[in-house]
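S.K.: These are the residues of each chain, in order.
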Amino acid sequence: MSVTTAPDWVRRRTEPNWLARLFDYKPFLVFACLLPAVGLLLVFLTYPLGLGIYLAFTDTTIGRSGVWVGLENFEYLLEDKLWWNAVFFSVFYTAVATIGKFGLGLWLALLLNNHVPFKSLLRAIILLPWIVPTVLSAIAFWWIYDPQFSIISYLFVDVLGWRTTNIDFIGSAWPARFSLIAANIWRGIPFVAISLLAGLQTISPSLYEAALLDGSTAWQRFRFITFPMLLPILAIVMTFSIIFTFTDFQLVYAITRGGPVNSTHLLATLAFQRGIPGGQLGEGAAIAVSMIPFLVAATLFSYFALARRKWQQGESND
Amino acid sequence: MTDAAATAAPIQGNAATAQPEAMSWDSKTRRLVMLYVPLACFVLILLFPFYWMGITAFKPNAELYDYKTYNPFWIGSPTLDHIKHLLFNTAYPRWLVTTMTVSICATILSLFASTLAAYAIQRLRFRGSQYVGLAIYLAYLVPPSILFIPLATMVFQLGLFDTPMALILTYPTFLIPFCTWLLIGYFKSIPYELEECALIDGATRIQILMKITLPLAVPGLISAGIFSFTLSWNEFIYALAFIQSSESKTVPVAILTELVSGDVYQWGALMAGSLLGSLPVAIFYSFFVDYYVSSLTGAVKE
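So the sequence lines, in the order shown, correspond to chains X and D.
For the first sequence, this note's numbering puts the final residue at 325, and the numbers step up evenly by one.
For the second sequence, this note's numbering puts the final residue at 321, and the numbers step up evenly by one.
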C-alpha cells in the first residue's frame, strides 16, 4: 500500500450514512433542535393563549362548546361588583406587596453584602421560603392566622399583654387583605434579596473608594452609586415580581379562597372560581383575559421607567 | 469593601462636623445594631413559619389546642401520630409518588427540549436566531393564571384530563423558557474554538454537542434541572385544574383539597403533610444551593 493516509481519510469522510449527513445539514439541524421546544411552546402556550382570548368572546361552559357572543362577557364583568372588587384588590395587593418586598429585600441584600460569618449558609437559609412550595407555606400561614389558636395572637395577648382579644386575621375584609399581603411579602423577600445581592456584588469597589475619598456620606454613596448601578437588575426583577404577584393564585386560594364574603379575590382566583368549579369557561376566560392589559402596562412601566439607561449595564453586559 | 465603607463612614463624616467623639460610635456596637440585629430579625421571621410547621407536626393534639397549660413554642411530649396518620390513613405516599413522577418527567422533557433549543440559538447562528430567543423569553412572561382555562379545555379534548400526562406536558411551558435562557448563558461561556477544533477533526454536529458542549455545560444543566424540579414540585394551579381523582393529585393540591375536610381542621396532620411535602425539595435544594443561587442570579442578569 503506497497510498498515503490523506486520500484514505478523505474517502472515509465522504461516506457517512445518510442520517449523519442529514444532521450535518444546517437548516435541518436548526429545525430539529428547535422542534421540541418551539413545538411544545406553540401547542401548550401560544395556542392556549389564543384559545383563551377566543373563549372570552364565547359563552362556553363545561361540556358545551359555546357560540360567539361578542363583548357580552366583558359588558357583564363591567357591571359585576365582584370583578371590580377583584381588580381593586389585585392592584392593591400588587402595589403594597411589591413595595414591601423591594424595600425589605433591598435592605436584606445590603445587609448580606457586608462581611458576615457563615454567609453562604445564611444565603441558603434565606432562600428557603422561596424553595418550599407556596401552598405548603401558605397553609402554615393559615395556621398562624387561625382565629383561635394563632401564635401571633398568643404572643400579643398572653405574653406581651398588649391586647385583650385575639387578632382577627382572616375573618374580615381588611385584616384578611393585609394578612395575605404579609404572607406574599414573606415569600417574595428571598428572591428579591438574592437577586439584588448578585447585582450589588457586581458593583466595583473602586467606585466606593473614590466616593469615600471625596468625603461622601453613607446615604450619598447609596443614592449616587449603589442605587443607579442596581437599577437595571431592579427593573428586571421588578417586572417579574409584578407580573407574578398580580397573577398570584396559590396564596389567596390556600389561605382565604377569596373570602370572607369575596373580599380577597384576586383576578386569578375569581377566574378560577367562575371557570372551573363554576363551569362558566367563557366568563372565566374573560376575567383571565382582563388581566392582560394590566400586565402589559406594568411591564412597560417597570421596563421603561427603570431600565432606560444603557451605561448602567456596565461591562458585564454583552 | 462595602463593609469597610460602612465602618469608615462615621470617621469620615465626623471630620466635617468636627464632633468626632460624640458621634463616633464604637464600631462594634454600631455593627451590632446596624447589621446583626436586623439580620437576625430577618432570619427569625423568614424561618418562623417553618419552625411553627415543624413543631405543630410533632405536637400531640392535647398540647396543640391548649396554650394555657403548655408553652406553645415547645413540644412537651413529641409524637409521630400525625405523620403516622398521614402515611397510613391517607393516600399521602401515593401523592408523593405522583408528584415525584410528574416533576422528574417534566424536568427531563424540558431539559431535553431547552438544551437543543439553546444550542441551536447560541451556536448554530441561523438567521433570526435572536428573535427566536426573544420569543422564548417572552413566553416566560405569560403567567399560568391566564392559560389554565383554555388549557383545561384542551386537556379535556385531548383526553388527558385527570392523568399525570396532562401535567407532564403542560409544565414545560413555564420550564422551557427559563431553562433555555439559562443554558444560552452557559453555552455562551464555552469557548467556540473548542467546537471549531472538533469540526476540523471531522466531528459531526451531534458529536460536538454530545462530546464537547454538553459535558462542559454540566453545571448549567444541573442548575436548570434543579430549578425545573422545584418549580414543577411547587406548581399548583394546573394540578388543581386538570386533576380530579383523589389518588392522582399532587402533594400541594392534595393537602389543600383532601386533608382539609369539614369545619374542624386537623392542623397536626396538615402541618405534617406540609412538612413532608416540603422536605424533598428542601433536601434536594440543600445539596445544590450554589447551583441554585447561580441559576437564579444568572437568569436575572441575562
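Be aware that a few hints might be false.
As a list, the in silico DMTMM-like pairs of lysine to aspartate or glutamate whose alpha-carbon atoms are at most 25 Å apart [said to hold, decoys possible]:
hint : chain 1 : residue 1 : chain 2 : residue 2
1    : D       : Lys207    : D       : Asp181
2    : X       : Lys33     : D       : Glu215
3    : D       : Lys47     : X       : Asp31
4    : X       : Lys126    : D       : Asp309
5    : X       : Lys33     : D       : Asp309
6    : D       : Lys207    : X       : Asp31
7    : D       : Lys87     : X       : Asp175
Not everything, but these chain X residues come out facing chain D in the computed CB check (under 10 Å) [unchecked claim]:
hint : residue
8    : Pro34
9    : Ala44
10   : Tyr54
11   : Leu58
12   : Trp75
13   : Leu78
14   : Val94
15   : Leu118
16   : Leu119
17   : Trp149
18   : Trp150
19   : Gly168
20   : Thr172
21   : Ile299
Far from chain D by the CB rule (all over 10 Å, computed), these chain X residues [to be verified]:
hint : residue
22   : Trp25
23   : Lys33
24   : Tyr83
25   : Glu86
26   : Arg130
27   : Ile174
28   : Leu238
FYI, nobody ran anything at the bench for these hints, they're computed from the structure.
Source: prediction; values computed, not measured.
Even glycine gets a Cβ: it sits at the ideal position worked out from N, Cα and C.
S.K.: Each hint needs a verdict: does it hold in this structure or not?
M.R.: Status of each hint after checking the structure:
no., hint, in the structure
1, D:Lys207 with D:Asp181, "violated, 41 Å"
2, X:Lys33 with D:Glu215, "holds, 15 Å"
3, D:Lys47 with X:Asp31, "violated, 65 Å"
4, X:Lys126 with D:Asp309, "holds, 12 Å"
5, X:Lys33 with D:Asp309, "violated, 36 Å"
6, D:Lys207 with X:Asp31, "holds, 21 Å"
7, D:Lys87 with X:Asp175, "holds, 20 Å"
8, Pro34, "holds, 8 Å"
9, Ala44, "holds, 4 Å"
10, Tyr54, "holds, 8 Å"
11, Leu58, "holds, 4 Å"
12, Trp75, "violated, 16 Å"
13, Leu78, "violated, 18 Å"
14, Val94, "violated, 14 Å"
15, Leu118, "holds, 5 Å"
16, Leu119, "holds, 8 Å"
17, Trp149, "holds, 8 Å"
18, Trp150, "holds, 5 Å"
19, Gly168, "violated, 14 Å"
20, Thr172, "violated, 15 Å"
21, Ile299, "holds, 7 Å"
22, Trp25, "holds, 13 Å"
23, Lys33, "violated, 7 Å"
24, Tyr83, "holds, 16 Å"
25, Glu86, "holds, 21 Å"
26, Arg130, "violated, 7 Å"
27, Ile174, "holds, 14 Å"
28, Leu238, "holds, 13 Å"
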